[in-house]
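Protein chains: 2
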Amino acid sequence: MDMIRINMTERTTTREPMPEQYAHFGGRALTSRIIADLVPPSCHALGPHNKIVVANGLLAGTTAPNSGRISVGTKSPLTGGIKESNVGANAGLYLARLGIRALVFEGMPRQPGLWLLVVDANGARIEDASQYRGLGTYDTAEKLLAAYGQKASCLIIGPAGEQKMAASAIMATDMDGRPSRAAGRGGTGAVLGSKGIKAIVVPQAKGELPQYHDPETFKSIAREFSQKLIKEKEMLRVFGTAGMVKAANMVQGMPTRNYSLGSFDRADAINGQALHDTIKKRGGNVSRPCHTGCVISCSNIYVDEAGEYITSSLEYETMVMVGPNLDIGDLDSLARIDRALDDVGLDSIETGAAMGVAMEAGLLPWGDTDAVLSALDEVSSGTVLGKLVGSGAAVMGKVLGVRRVPQVKGQSMVAYDPRTFKGMGCAYATSPMGADHTAAPAIPGRPGLDPSKKFELTEKENQVELTRDLQIMITVCDSLGYCFFVGPDIENMRRSALLLTALTGRRTSYEDILDLGVSTLNIEKAFNRAAGIGPDQDRLPEHFYDEPLPPHNRTFDITPEETADLCYDLK
Amino acid sequence: MDMIRINMTERTTTREPMPEQYAHFGGRALTSRIIADLVPPSCHALGPHNKIVVANGLLAGTTAPNSGRISVGTKSPLTGGIKESNVGANAGLYLARLGIRALVFEGMPRQPGLWLLVVDANGARIEDASQYRGLGTYDTAEKLLAAYGQKASCLIIGPAGEQKMAASAIMATDMDGRPSRAAGRGGTGAVLGSKGIKAIVVPQAKGELPQYHDPETFKSIAREFSQKLIKEKEMLRVFGTAGMVKAANMVQGMPTRNYSLGSFDRADAINGQALHDTIKKRGGNVSRPCHTGCVISCSNIYVDEAGEYITSSLEYETMVMVGPNLDIGDLDSLARIDRALDDVGLDSIETGAAMGVAMEAGLLPWGDTDAVLSALDEVSSGTVLGKLVGSGAAVMGKVLGVRRVPQVKGQSMVAYDPRTFKGMGCAYATSPMGADHTAAPAIPGRPGLDPSKKFELTEKENQVELTRDLQIMITVCDSLGYCFFVGPDIENMRRSALLLTALTGRRTSYEDILDLGVSTLNIEKAFNRAAGIGPDQDRLPEHFYDEPLPPHNRTFDITPEETADLCYDLK
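Quick mapping for you: the protein sequence lines, in order, are chains A and B.
Per our numbering, residue 12 is the first one in the first sequence, and the count goes up by one each step.
Per our numbering, residue 12 is the first one in the second sequence, and the count goes up by one each step.
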């Protein structure tokens, strides 16, 4: 596999074989290694010394299920630390078919400007994109697909990324050509914006699939793996991630009004059943995949009463962060806000958290959908309020003098209150990425590497060990190109070792697979430490330890000393 | 000497003898020890676990010259690290006369509210201050002096501090009862605001002066010391700190247009001579002391053409940061901006830097005094723009996506470009306070502890050692209550050892004096490290290393590795 270096200072592209030391890595394992090796940890995230790497996973292009996600790695302007954010997009598959593992953007334009990177069988080229300046991602996607083919896969930034807002996402076109999928977290969109790139366009590539060392074994394992996922994940196909609304509300862990409550009085109106029924009744779609090869299809297409498209996909995390967290409780509002966020190109989780802080400060009124949409319009037009909204929750709290900000290392928490979801709280505290639910989805039914270790959602026992194990397994998933729902699962780790062996002919053991996770996490932590983000920052804001969460009135009672033991310097 | 603990959760005050371990410390040495011992480094700066300590120096109330400054110590909401900021104010003297060394504010009001702390011979009491809510510092001071006597010394926050803006200052009333003196840096005003304190009022106290162990020796040394200062600092008495304008411009180190140039085309219109002549012609005052006991009198009172008071005192650092740094070049504009900043209660250095960043981003127009004043009005009224302006340069840069932000550890640089003032650059990089010119005034005529070591302003040789030595000596000054201009001077360090011995009867050597500085700096760095601010953050932003400063086109060429050797873990 090759990599393409895109030098934005010189505006040149160079295709070269993947250097030997990176040859056996993909996805997050690869992006984090390149960033750690080539980016000075103390550099400015929006300056010429930062790089941004787009890489598909080790299994990209194969028949392994749900393995087509693509990783974006960089130094984050939001956290100041290393970042990997991945997204389901066919670019991962197309690049694999072109024999390309990674795109590495370097330098910075000498003069302001806006460009596309187009990658196809003819190579990679930089094209002028000034006609797309200031456009939302939806308009941009429509024009790009018209120009490069309806099956092209595009990674696009919106007005937020062009303005280098720290909560900017990179939006990927979905199976229907709409920019509804996000490499959302950590401000990757701002870094792409700082390089002058409006979009990466990969027209449909029909090239060769990877050469399998042992195709029969591979296909047989992949087939059985797919069947297992199809069976296990049926509820996701029906209710999507919104199935979590009811459960999280029941355990009183659903962030409401800037994390001041753990349950929401109108949860029934926005739960998985309500979403499913509404979409079905209106003629939307409740089970769409995010990329070719997905067998779970947890995404949905949300339409209005007239059956007109509003957004895709309404996901649990976004729903809560712009719903209960803002005291908003109807699906149409959530869908309209989600659409506006995707269009302007902001991380919906981070921005929901930022708005919750703004509401606590009285800058925006609680529960006011129109005020939220109007603020997002201001993101697009670049007013001071807009720029503040696009800067994320931590900066919002700093500017407004708000103490209760649900963030770690500058990145907002997600739709799981850590006083209920104790393991998730450990993940928020210790992930090198800042607060992030995908770092370690510690929810019931997700054991760690030692299934004999029992844990209760709201109790501290064994949560630190669980979190460490899940982080290791998730890092493996992020590196192979798997989606989150393939997930942290010992059986799938073993299966992946067999798949990699069958694919490459290099004997890969279960231990090797886990070591991929461990070594990648340690590299990320070392980068962060050199960037000034050390173990002292592996903690939640003080109010989560101090203030009981109504109605159950638990606090987060796992200390930084307890998490540090297992979660720093992983063995 | 005693200390008073003010518990703002319970709204109680307790006077108690200074605990033994603090008995021989004052000023910064005391505030930093109390903060390091009693404040969890990871706490939220605006929360109940932070404390704010107000302490006079070890020589307060004595006849030692210029020894009446008062230190404010806390965990800074601007940097996240430890902070000491001191100010000339008679409160230092009055508290000494009341036998009080320190005020320690703790906890946080259970319900929002605004109070005064009044300290007099009857003790300390908390009084309602709701009638002062939202008032500028000038109106507040006028009302407080009317109520508590014209000679009262008040430490006041403005609307910025009430709103807990991270660049908020604590303003002290000057010899004329005007709130023109600032414990400006690091957001101390926001912390006082978070405690619900609008002002600390110390009515004139006529109590006993400290008991001298050996009064004759003390007075004789103090007298000779005063005469030396009077003689040496004559230029400060004539031109004030504005005398620096001409020199800094000549060496091309005066930050212009957000540190993009080192010299300013209209420097002659704002230099020391121009300021002196303008004030003299209009009937202002060019040589005012900031507190009783000052023999230098470097302050001025700036009046308009009709002889009406505008502001006091127009100082070099403010003049440059709101002048050339913003492309503004007339004294009346500088004076009006300075007055507005003092009145709203913002650090003029930090806010000047923040506005320079805002101008680079196009949010405010270059050189537009009215736009600056209008933005400061918005600070008072609490608009989003106002809150952003009050959040300091680093946050301004984050929100606007500006890479060229002159700051270290979240605090802005001052009116000395580090590419010219190399030693000052080392101080910016290594001070535990963030960028700060008072950390180590490395300008010609200021040798370190080894006067044989020569250095040139713009050359790197010996600058690190010089910076370390100056930081040690300045920390001593900050602990004894001296003003900056008594300063880093071996002879004055020796003199201070004799003064302390004569005052207390405890034999204090020159080495003991230096150790006071070293130990205090190490305590501060240890606090910062535990707060997540380690040696990796001892560096300037990358563009100071990369981008030559016109017109001389030098870069800052002293590496973090070079400064770390001598300036971290001081011996």
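These aren't lab readings, by the way, just hints derived from the structure by calculation.
A hint or two may mislead.
Since the list can't tell identical chains apart, any single copy or any two copies may satisfy a pair.
Claimed, not checked - Listed below are the simulated SDA-like cross-link pairs for lysine to any residue, each with C-alpha atoms no more than 25 Å apart in a straight line:
hint: 1; residue 1: K471; residue 2: E138
hint: 2; residue 1: K291; residue 2: G545
hint: 3; residue 1: K242; residue 2: S344
hint: 4; residue 1: K154; residue 2: R22
hint: 5; residue 1: K230; residue 2: T303
hint: 6; residue 1: K162; residue 2: R415
hint: 7; residue 1: K471; residue 2: S53
hint: 8; residue 1: K471; residue 2: P51
hint: 9; residue 1: K239; residue 2: P571
hint: 10; residue 1: K292; residue 2: P546
hint: 11; residue 1: K464; residue 2: L49
hint: 12; residue 1: K239; residue 2: T228
hint: 13; residue 1: K217; residue 2: G254
hint: 14; residue 1: K154; residue 2: L577
hint: 15; residue 1: K464; residue 2: A278
hint: 16; residue 1: K465; residue 2: P59
hint: 17; residue 1: K244; residue 2: T303
hint: 18; residue 1: K239; residue 2: P120
hint: 19; residue 1: K239; residue 2: R415
hint: 20; residue 1: K292; residue 2: L509
All values reported here derive from a predicted model rather than from experimental measurement.
To see whether the hints hold, each was checked on the structure:
1. K471 - E138: Neither: 53 Å inside a copy, 44 Å across copies.
2. K291 - G545: neither (48 Å within a copy, 55 Å between copies)
3. K242 - S344: For K242 and S344, neither the intra-copy (33 Å) nor the inter-copy (73 Å) Cα distance is at most 25 Å.
4. K154 - R22: For K154 and R22, only the intra-copy Cα distance (23 Å) is at most 25 Å; the inter-copy one is 63 Å.
5. K230 - T303: within (16 Å within a copy, 87 Å between copies)
6. K162 - R415: Neither way: K162 and R415 sit 45 Å apart in one copy and 41 Å across, limit 25 Å.
7. K471 - S53: The answer is between: 22 Å across copies meets 25 Å, while 35 Å in one copy does not.
8. K471 - P51: between (37 Å within a copy, 23 Å between copies)
9. K239 - P571: So K239 and P571 fail the 25 Å test inside a copy (38 Å) and across (54 Å) alike.
10. K292 - P546: neither (50 Å within a copy, 60 Å between copies)
11. K464 - L49: Result: close neither inside a copy nor across copies, 40 Å intra and 39 Å inter.
12. K239 - T228: Within one copy only: 17 Å inside, 91 Å across.
13. K217 - G254: Neither: 36 Å inside a copy, 73 Å across copies.
14. K154 - L577: neither (49 Å within a copy, 58 Å between copies)
15. K464 - A278: So K464 and A278 fail the 25 Å test inside a copy (32 Å) and across (72 Å) alike.
16. K465 - P59: Neither, since 48 Å and 36 Å both go past 25 Å.
17. K244 - T303: within (17 Å within a copy, 77 Å between copies)
18. K239 - P120: Close neither inside one copy (48 Å) nor across copies (57 Å); limit 25 Å.
19. K239 - R415: neither (42 Å within a copy, 53 Å between copies)
20. K292 - L509: neither (44 Å within a copy, 89 Å between copies)
Violation of the numbered hints given earlier is confined to hints 1, 2, 3, 6, 9, 10, 11, 13, 14, 15, 16, 18, 19, 20; the remaining hints are satisfied by the structure.
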